[in-house]
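Undergrad: The residues making up each chain are set out below.
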Amino acid sequence: AQSVTQLDSHVSVSEGTPVLLRCNYSSSYSPSLFWYVQHPNKGLQLLLKYTSAATLVKGINGFEAEFKKSETSFHLTKPSAHMSDAAEYFCVVSDEGTYKYIFGTGTRLKVLA
Amino acid sequence: GAVVSQHPSRVICKSGTSVKIECRSLDFQATTMFWYRQFPKQSLMLMATSNEGSKATYEQGVEKDKFLINHASLTLSTLTVTSAHPEDSSFYICSARDQLAGRTDTQYFGPGTRLTVL
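Taken in sequence, the protein lines are chains A and B.
If you want our numbering, it's the position in the first sequence, counting the first as 1, plus 78.
If you want our numbering, it's the position in the second sequence, counting the first as 1, plus 44.
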């Protein structure tokens, strides 16, 4: 069965410094992996998606993620944090066949001025 | 593209009444939509999968008679919370799967509906 583990429930960074949000996955096949962002009381916005093409995936708002099969990881990065990046981030794996999403527990990113 | 809307964004109702939440895919067709529930500071919990023209598939532990789902068209799914009670208060989010080739497993999420049952 597929699963994702987000290793940090909270991450704090200073504005202008790099962001690293960690995600490890478990899957018996080549998975589809996603990162979504959720601002308070809002729905989820797709940041980026991996579907077995390029291992380095570029998303919106300067975010990118690298798929590393050997490490079963799909960490989200951004070179320079902005205040507007403060939100909850979810790593997601899609179940092949049913297309159901399996969510990580989320990482709350705090950006300090 | 790939916009999903929900209505209403916020609803307050009295205990025992029913509330209907609409989920629409605005610029694409979605034969499959999903309904989630999110508790404060928690991840999303899948409630059911809504399939156009057929019965919804509910996750284990979700009462299908309480949470009625109808997916009458390729762009509209509705969730009706029947005989609502305070414990049904939550943030309900829908998503729609774009059926276009190459994007079949990406879900696009609505903005959510905050339900408060008094």
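Bear in mind the hints are in silico, worked out from the structure with no lab data behind them.
Glycine residues also receive a C-beta, built at the ideal position from the N, C-alpha and C atoms.
There's no promise every hint is true.
Beyond 12 Å from chain B on every Cβ pair, some chain A residues (computed) [said to hold, decoys possible]:
no., residue
1, 116
2, 119
3, 124
4, 129
5, 139
6, 175
7, 176
8, 183
9, 184
Calculated cross-link-like contacts (lysine-lysine; reagent style DSS-like; alpha-carbon spacing at most 30 Å) [as the list claims (entries may be wrong)]:
no., chain 1, residue 1, chain 2, residue 2
10, A, 178, B, 64
11, A, 178, B, 108
12, A, 188, B, 64
13, B, 108, A, 188
Undergrad: Hint by hint, note whether the structure agrees.
TA: Verification of the supplied hints:
1. 116: violated (9 Å)
2. 119: Per Cβ check, residue 119/A is inside 12 Å of chain B; nearest 7 Å; violated.
3. 124: Check fails; 7 Å does not lie beyond 12 Å.
4. 129: violated (8 Å)
5. 139: holds (17 Å)
6. 175: The claim breaks: residue 175/A does not keep its Cβ more than 12 Å from every Cβ of chain B (closest is about 10 Å).
7. 176: violated (7 Å)
8. 183: At about 5 Å from chain B, residue 183/A fails to clear the 12 Å cut-off, so the statement is violated.
9. 184: violated (5 Å)
10. 178/A / 64/B: holds (23 Å)
11. 178/A / 108/B: Judged against 30 Å, a Cα distance of about 18 Å means the pair holds.
12. 188/A / 64/B: Violated, because 35 Å separates the two Cα atoms, which is more than 30 Å.
13. 108/B / 188/A: Measuring from Cα to Cα gives roughly 38 Å; hence the hint is violated.
Of the numbered hints given earlier, the model fails hints 1, 2, 3, 4, 6, 7, 8, 9, 12 and 13; all others are met.
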